[in-house]
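**Student:** Spelled out, the chains give:
Protein chains: 2
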Amino acid sequence: MTTSSRLSWKDVRDEIHDAILTGRYAPGDRLPRDADIAEDLNCARSTVQRAMQDLSDSGLIERRRKGGTRVRRDPVTRATLDIPITRREVEQKGGRYSYQLLHSAEEPAPREVLAAFELGTAPRQMQRVEALHLSDGKPYLLEDRWICLETVPEIRDLDLQRESANEWLVVNKPYSRCDVKFYAISADDHVADVLQTAPGAALFVIERTTWIDTAPITTVKGITAPGYQLLTTT
Amino acid sequence: MTTSSRLSWKDVRDEIHDAILTGRYAPGDRLPRDADIAEDLNCARSTVQRAMQDLSDSGLIERRRKGGTRVRRDPVTRATLDIPITRREVEQKGGRYSYQLLHSAEEPAPREVLAAFELGTAPRQMQRVEALHLSDGKPYLLEDRWICLETVPEIRDLDLQRESANEWLVVNKPYSRCDVKFYAISADDHVADVLQTAPGAALFVIERTTWIDTAPITTVKGITAPGYQLLTTT
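Residue numbers (my numbering), protein chains in the order written: chain A, 500 to 733; chain B, 500 to 733.
Keep in mind the hints are simulated off the structure, nothing from the lab.
Bear in mind the structure is a predicted one, so any value in this text is a computation, not a measurement.
Worth double-checking, as some hints may not be accurate.
[As the list claims (entries may be wrong)] Listed next, the in silico DSBU-like pairs over lysine-lysine satisfying Cα-Cα at most 30 Å (straight line): (1) B:K565 <-> A:K672; (2) B:K672 <-> A:K509; (3) B:K680 <-> B:K592; (4) B:K680 <-> B:K637; (5) A:K637 <-> A:K672; (6) B:K565 <-> A:K509; (7) A:K565 <-> B:K672; (8) A:K680 <-> A:K637; (9) A:K637 <-> B:K680; (10) A:K637 <-> A:K592; (11) B:K637 <-> A:K680; (12) B:K592 <-> A:K565; (13) B:K680 <-> A:K592.
Chain A extracted, bound-state conformation (with noise of 0.2 Å):
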């Protein structure tokens, strides 16, 4: 059998992908099923699912199992982010970074808190963590966290001068669901001091909270520093 003339899966895609760009097949068209693209372009139709695998994923088309496959009649933007921990953002971006803790305590968990896990409202002893992370001296993000006792009882007998909870964590305690919320607020005076802004400025906040299949692990709050932005590109 010969494959060397056959076209990647990455071919194929960018085939399709051409022919909705350029019109051939408009928002709301039914595409040909895979088989027969696979038998017009003389490749193997698992290639041609591939190839609409991919499509599907960036939402520029919908696969339906009994309705085939079309283009998308209201396209979404499908950005893919990357959030990774903080002191690999920090290295990434050039910057020499640092960590410090603020508090960590034992503490009966906020409303907010529990909503945030979809915990009823009987209090609930949770621990407590604040600390800054630094870039080249100056402060970066501010991580107002809190982490479910019962799930993460190893948290107690953690380092968290030498050893942050959000490497910790990310290393140790694999999710099974991760809730991300992204906003804006203005600092208060609290915020303001620890990174070093007036009150009022505005901050861009991500939000993340974690599950192992349902019992909660951490909520936190990456109170960003003035001037961050969030990029991706797809």
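Given the coordinates of chain A, assemble chain B onto it according to the supplied hints.
**Tutor:** Same frame as chain A, but now just chain B:
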């Protein structure tokens, strides 16, 4: 050939995911070869490949052509965001959508717009469009847009009072590259006035710039009203 008792790619993915979550494979560990996993689980190698693709897409493992498959040493939180057209977003949240064109004119593009498009500093006329999107009659998002006339000459003939540039562009001008930025701004007097909030209010901004091949299409700041949150679950 009997396939009914064989595992689906999702079964295989869940098996491997569990092995990572329970620590059988730790960060940095190498996973067995696809062929060995396939033999072990009595399924096709292509099924294992599909499962691995999914785990790689979600940021849990790394695939290297020569180096095999490893559990990521510094896992990232990979968030996939679908940003729909604003009318759909309002409607999906149960709001009644309306739209007001505030301004539309050919104007010299400011330096930051040329920079977003990765164009030189030579003066260039572009179509500036400012429009307000409302939910239940209340400001929802201020659209601050520049459109490249060379790439989108049709915009001159469009009645932007009736049809939003947001909607028309998404349907008629598919892009091959999209840069997305998220950040926070303080409302200036004009933005505060349009969004009916106080000057200095912290606002979340979604900025998008699109190209078809290397030709710039449009750059737009979606300045959201106070309280806006962008959510995703993985």
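**Student:** State for each hint whether it applies.
**Tutor:** Do the hints match the structure? See the list:
1. Annotation: proposed proximity of K565 of chain B to K672 of chain A holds, straight-line Cα distance about 29 Å (limit 30 Å).
2. Restraint check: the Cα-Cα separation between K672 of chain B and K509 of chain A comes to about 22 Å, which is no more than 30 Å; the hinted pair holds.
3. For a cut-off of 30 Å, the pair hint linking K680 of chain B to K592 of chain B stands: about 23 Å separates their Cα positions.
4. The suggested pairing of K680 of chain B with K637 of chain B holds, with an alpha-carbon distance near 25 Å, which does not exceed 30 Å.
5. For a cut-off of 30 Å, the pair hint linking K637 of chain A to K672 of chain A stands: about 29 Å separates their Cα positions.
6. A C-alpha spacing of about 20 Å is found between K565 of chain B and K509 of chain A, which places the hinted pair at or below 30 Å, so the restraint holds.
7. Taken as a hint, the K565 of chain A and K672 of chain B pair is honoured in the structure, with Cα atoms around 29 Å apart against an allowance of 30 Å.
8. Annotation: proposed proximity of K680 of chain A to K637 of chain A holds, straight-line Cα distance about 25 Å (limit 30 Å).
9. Distance check on the hinted pair: K637 of chain A and K680 of chain B sit about 22 Å apart at the alpha-carbon level, within 30 Å; holds.
10. A C-alpha spacing of about 14 Å is found between K637 of chain A and K592 of chain A, which places the hinted pair at or below 30 Å, so the restraint holds.
11. This hinted pair checks out: K637 of chain B and K680 of chain A have alpha carbons roughly 22 Å apart, not beyond 30 Å.
12. Between K592 of chain B and K565 of chain A the CA atoms are separated by roughly 28 Å; this keeps the pair inside 30 Å, and the hint holds.
13. Pair hint K680 of chain B plus K592 of chain A holds up; C-alpha atoms about 16 Å apart against a cutoff of 30 Å.
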